[in-house]
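If you read the protein sequences in the order shown, they are chains A and B. If you're matching positions, the first sequence starts at 1 in the numbering used here and goes up one per residue. If you're matching positions, the second sequence starts at 1 in the numbering used here and goes up one per residue.
Among the hints, a few may not be true.
Pairs of lysine to any residue residues, derived as SDA-like cross-links and limited to a Cα-Cα distance of at most 25 Å, are as follows [claimed, not checked]:
1) B:Lys328 / A:Arg766
2) A:Lys135 / A:Phe158
3) B:Lys334 / A:Tyr674
4) A:Lys701 / A:Glu678
5) A:Lys782 / B:Lys334
6) A:Lys675 / B:Lys322
7) B:Lys322 / A:Tyr674
8) B:Lys328 / B:Ala108
9) A:Lys675 / A:Glu750
10) B:Lys334 / A:His793
11) B:Lys328 / A:Leu769
12) B:Lys334 / A:Val747
13) B:Lys322 / A:Arg754
14) B:Lys264 / B:Asp297
15) B:Lys328 / A:Arg754
16) B:Lys322 / A:Leu687
17) B:Lys9 / A:Gly684
18) B:Lys322 / A:Arg766
19) B:Lys9 / A:Pro787
20) A:Lys675 / A:Tyr756
21) A:Lys383 / A:Lys401
22) B:Lys334 / A:Arg766
23) A:Lys301 / B:Leu17
24) A:Lys522 / A:Leu474
25) B:Lys328 / A:Glu678
26) B:Lys328 / A:Glu750
27) A:Lys170 / A:Phe158
28) A:Lys170 / A:Arg65
29) B:Lys322 / A:Gly677
30) B:Lys334 / A:Phe764
31) B:Lys328 / A:Asn786
32) B:Lys165 / A:Tyr756
33) B:Lys337 / A:Lys701
34) B:Lys9 / A:Asn786
35) B:Lys334 / A:Gly555
36) B:Lys322 / A:Lys522
I should point out that these hints are in silico values taken from the structure, not numbers from a laboratory.
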Amino acid sequence: MTVPKRIGKISFGLISPQEFRRMSVVKIITADTYDDDGFPIEMGLMDPRLGVIDPGLRCRSCGGRPGECPGHFGHIDLIAPVIHVGFAKLIRKILRGICRECSRLMLLEGEKRMYIDQIETIVRLGQTTDDIVNKVFAEARKHKVCPYCSAPQQEIKFERPLAYVEEGHKLTASDIRDRFEKIPDEDIKVMGMNPDTARPEWMLLTVLPVPPVTMRPSITLESGQRSEDDLTHKLVDIIRINQRFQENREAGAPQLIIEDLWELLQYHITTFLDNTVSGVPPARHRSGRPLKTLSQRLKGKEGRFRGSLSGKRVNFSARTVISPDPNLSINEVGVPLEIAMELSVPLVVSPRNIEVMRDFVRRGSDKHPGVNYITRADGRRVKVTDRNAEEVAEQLEPGWKIDRQLMDGDIVLFNRQPSLHRMSIMSHRVIVMPHKTFRLNPAVCPPYNADFDGDEMNLHVPQTEEARAEAEILMRVQENILSPRFGGPIIGGIHDYVTGNFLLTHGDRRISRLEVMEVLKKLHHLEIPEPVGWNEAGEPYWTGKQIFSLILPRGLNLEFKASFCKNCDSCKREACDDDAYVVIRDGKILTGTIDAAAVGAFKGKITDRVIKEYGPTVGAGFIDGMTQMAIRGIMLAGFSFGIDDEDIPKDAEDQIEDVLNAARENVTKLIDAYKAGELEPLPGRTLDETLEMRIMQTLGKARDNAGSIAGRYLGIDNSGVVMAVSGARGSMLNLTQMAACVGQQSVRGERIRRGYEGRTLPHFRRGDLGAEAHGFVQSSYKEGLNPTEFFFHAIGGREGLVDTAIRTSQSGYLQRRLINALQDLEVQYDGTVKETRGIIVQFSYGEDGVDASKRDYASPENVHRIVQRVLKKEGA
Amino acid sequence: MLDRNVLYKAYFTKDKLVHHHINSFNDFIDSGLQKVINEVRIIETNIEDTYVKLGAIRVEKPTVTEADGSVERLYPNDARLRNLTYASPLRLKMTIVQGETEKEPVEAMIGMLPIMIMSQVCNLSGLSRDEMIEFGEDPLDPGGYFVVNGSERVIMTLEDLSPNKILVEYNQRYDDFIEVAKVFSQRQGYRSLVIVERGRRSILEVSFPSVSGRLNFVTLARALGLETDMEIVQAVSDNPEIIKFMLENLEESEVATKEEALEKIGGRVAAGQAKEYQKKRAAYVLDRYLLPHIGVDEGDRFAKALFLARMAEACFELALGKRGEDDKDHYANKRLKLSGDLMEDLFRVAFSRLTRDIKYQLERASMRNRELNVITTVRADVLTERMIHPLATGNWVGGRTGVSQLLDRTDYMASLSHLRRVISPLSRSQPHFEARDLHPTQWGRICPSETPEGPNCGLVKNFAQGVELSTGVEDYGDVKKMLLDLEVVPVVGRRE
């Protein structure tokens, strides 16, 4: 075993030719790979000293087997220097900044000293030196005559892709290298480089490192043919040209041929490093596919960084469709048996648990809480099967590890993408269930933003005690009920949960003994309170408020307005006519109705208070009880919504008709006034804009009026109204659109204007500014829309579709950028926020050091509350 | 009220739902193929006095060549099951002309053309219900797609901005908004974008391909044959306000005569070349790249000048508020490219590849002193490969991808919908809010409800039930005659 090492520091530089030779285990001289017998050729590209990929062989350099040996670099001696494409721009800058005769950086001594000082300061501050270095080159370039040797300077033109032209002559790589070699060390420092680790001449390669075979393995096809990696192909080209170059030069070939070969060598090395340099045709495979060379392996989404290092894949995870199960606790997740039998938790056998462990092992891997693998003390892993189960169970010794299948009570992480906030991954307790979907309580949908229209979620099983502890303490659902976003509960009743509570607690609903038992069926150890009265038959009855109070903790005091409160001018408080003022004293509801404002997700005041005063465990218990009670409450009452729930009486229809006709007339009047030039423009608006605004206003008001007429006939006994008013789903606007009038359709906030010349559709006259011609839909959804109305509605609807499609992609990108910018920030134990270099970003987290999830919707309310509580305690 | 069901019943019984594809492909077979051949007319060679004259092209019924060399009729379902391509041999009459002597015309097989199912050359066309069943075909299958290597490929209908139509709009140049008139001039698959813009101080400038930067409008007009100031102004407009603008333009005029103008343009298109060559090049550029849809001969220059003048007028009218910006999403400004048009584009490129190959083969044969023979020089695979590969991958000529797609067979409705789909070439990654909106002019043409959700929303459309497509006419003869009868003066050469 090697001793673990700690990385103290990383410094970047260029590799010198000497360094390349030092790290090389073999000099490659032949372009061949394998001989006829299939053995690698010595000093060839597959030299056995470069590492091993064939199973059974050992590395000639380190003796390691495939998988152990990391591979070793070789090298090729290049006949002439070649430009490294990655440094083409920098080479240009340096060439222009140094003297063509004496190679000194063309700045005066004083300037150089000044720049070095600046660079040293900025390095000490840990910032980038780019700006100063750029300035150095820009200043040096201004000299037309060298300040040291007085040699006149020539303009150096850079020609794509890789040529430096001076006075019409192309500088060869050797010329450039010669110039760079002469640059004194002090001058290199001014250029922002360290002459010990990065000499400029090293940007021109004279030695090419040959990557180990382990990073360019050849594969054997079914036909027994060997197929080489793209990098190997490229290296073959380089060696061939290098050899030809050498032969030609030794044979004294004409300059023209030498130059051609040099250029070809440059091309092959350029494409070996980067095959997407603009101006250089990409090197292609025989089939015409561009080769994937070094920089292509690293770059982009599927590259080494983003694809292989950031995009990790994990074991011990599962993914399937989710479906609801209101009988689960919010802390639980239903896991299909099939998945539970595949995933496992590692357990260490000890003298104390050995018998229990034996029982698990004995069950084998085909019977549920069984064991998939065991790991012996020496690290050997054995798969547990039906056949060896009994035998392995007997052999079991303390110190062995077993991989026990997932079972009830295990802690797992549950996640839904996109993981936009920390509540997108929470830990749940496993409940193993039949069938094939993950089950969860619908109350935990809001933090995951999940629904059940085919959403899939991922599940991960922590494999260490530390991970399990962290998951249980920090990530449990109940620890995340209060959102750090707005300090209120993000988990709570949705849809039917809210409706159910509303129906149960609204008014003085009488509930018989049988019904009480039904509602409380799934709740544990509750004492049934004294009934409030007896009916004619002498049977006792209870109120819904009484029943709901059973799940409230004792001592809870709370007063708030329900979600359907009409915000009357003077609040009658407890005496509210609508039963919309909730008063809770000592855990008993005295007045008011439980709805979204009390228990809903994002809003639930009771949930919020229970957690803040009694802790998350009581809070989670409250939500569980509430959900259980709500679904039985709604079943008790029965709840449905159909097309006849939108029926309104004939005279209501007539009234709506009148309102709409009046509105249309008003619009006509406005248009007439506009045409007659009598319309007064609104401040800051043109006449046209004023007209449009006034028309929109008139029609909007008409729709609202039509809605309120319809609303008058849709009472609290209407299930649509119950849903809208309690905050369960939908709004009164949705209802009035169904029952009374759909209203104006708009595109980007304006009436529909585009279309044919002078009109939207050929159904209207040119220049018609009226309501119908620009997308006012007078019909209700129930009545049905006429063809033009339908079309305008489709126009308005399309805008919505496009908006959602565009928004999701844009917000995803925004999120990514935010995360990239903030991911390294960390809150220290002293409360400051620092980034990785230890630079303070905030002296106190969030500038105030407050945990948002503990501060009552960011209002000063909690101060009042604390004062009240303290006073009460003192009084008592 | 009128019972509209009668109308719709008529629509559904008269034509198939995919008739647009079938008609378009039939047109391609009937006239499109021959049109492409006629454009090429002859294959010239580097052999002295030798060229190949191209004659009539003929499409046979789809066949398959079996392993033993026998040729048999192919039916679509066989092609599907055996992973074959449902294609017909193309036969072209070719004549080698050497000096004065003309050899016997020979009909050569120049390649295989993939055939649309249920088109007129399809082996299924005109079959009865029972016969269809006999050949393993669903009698209710609408056809309108191809079978390539056993997979069913649909050529998507592409929506494009209308070519050869002047569209005016505002463009942003730095902080200013300037008025521009654009036209996508299209001729035989070559598209050239010509822009006339009114820059600062009302100076008109024109840009078109092969000329970098912008040319002065007056210079261009003079070069095209509108020599005098009077002519130029009259060609643009008789509106006094516009004439005022034009006078400003003429004051800034760089040249006075046609010769000077050509020289000036020559200096731009072939800088640093000999004077004579410059002028030749200028004339060539004006003929080939400026508004090619009007014509590519010297005789068409005057018409081009008048067309440019109309563009200039449109620019000024926009500047004066006499007209609004053109609505690019108005369906009148859109044209649809159907399968036949796209196959024609494909065939044009494939055929030109073939002619080059024939030329090369002839030259090789002649070098080896062999008797020149058309049959042996035509390598049919060259064309076949070029026809089948784009269809199989969807990578069309001109770099467009996703043109052919695998027919959606999720259910019958999915297939029908797929065959009636229209795609817009706009990029899906940019918002393009306006292009995605449902435009009122789409009433009756495009379905208001059917569009995908997500990034393609509003860019991928589907035909409305009652849509009917009109096709462009190749021959303007009748139209011209009618106009002449109405005493319209034709634009040929100089106006007296």
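Outcome of the hint check:
1. B:Lys328 / A:Arg766: holds (20 Å)
2. A:Lys135 / A:Phe158: holds (19 Å)
3. B:Lys334 / A:Tyr674: violated (35 Å)
4. A:Lys701 / A:Glu678: holds (22 Å)
5. A:Lys782 / B:Lys334: Answer violated: Lys782 (chain A) to Lys334 (chain B) is near 37 Å, above 25 Å.
6. A:Lys675 / B:Lys322: holds (20 Å)
7. B:Lys322 / A:Tyr674: Answer holds: Lys322 (chain B) to Tyr674 (chain A) is near 22 Å, not above 25 Å.
8. B:Lys328 / B:Ala108: Distance ~46 Å between Lys328 (chain B) and Ala108 (chain B) Cα, so the pair is violated.
9. A:Lys675 / A:Glu750: holds (20 Å)
10. B:Lys334 / A:His793: Answer holds: Lys334 (chain B) to His793 (chain A) is near 23 Å, not above 25 Å.
11. B:Lys328 / A:Leu769: Holds: Lys328 (chain B) and Leu769 (chain A) sit about 23 Å apart, inside 25 Å.
12. B:Lys334 / A:Val747: holds (22 Å)
13. B:Lys322 / A:Arg754: Roughly 18 Å separates the two Cα atoms, so the pair holds.
14. B:Lys264 / B:Asp297: holds (21 Å)
15. B:Lys328 / A:Arg754: holds (11 Å)
16. B:Lys322 / A:Leu687: holds (20 Å)
17. B:Lys9 / A:Gly684: violated (55 Å)
18. B:Lys322 / A:Arg766: Between Lys322 (chain B) and Arg766 (chain A) the Cα gap is close to 17 Å, so the pair holds against 25 Å.
19. B:Lys9 / A:Pro787: Roughly 19 Å separates the two Cα atoms, so the pair holds.
20. A:Lys675 / A:Tyr756: holds (22 Å)
21. A:Lys383 / A:Lys401: holds (12 Å)
22. B:Lys334 / A:Arg766: Roughly 22 Å between the alpha carbons, so the hint for Lys334 (chain B) and Arg766 (chain A) holds.
23. A:Lys301 / B:Leu17: violated (43 Å)
24. A:Lys522 / A:Leu474: violated (28 Å)
25. B:Lys328 / A:Glu678: Status violated; Cα separation ~35 Å.
26. B:Lys328 / A:Glu750: Within the cut-off at roughly 19 Å; holds.
27. A:Lys170 / A:Phe158: holds (10 Å)
28. A:Lys170 / A:Arg65: violated (49 Å)
29. B:Lys322 / A:Gly677: Holds, at about 22 Å.
30. B:Lys334 / A:Phe764: This hinted pair holds, its Cα atoms lying about 23 Å apart.
31. B:Lys328 / A:Asn786: violated (28 Å)
32. B:Lys165 / A:Tyr756: Judged against 25 Å, a Cα distance of about 17 Å means the pair holds.
33. B:Lys337 / A:Lys701: Violated. Lys337 (chain B) to Lys701 (chain A) sits at ~46 Å, over the 25 Å cutoff.
34. B:Lys9 / A:Asn786: holds (21 Å)
35. B:Lys334 / A:Gly555: violated (72 Å)
36. B:Lys322 / A:Lys522: Given pair Lys322 (chain B), Lys522 (chain A) is violated - Cα atoms ~76 Å apart, limit 25 Å.
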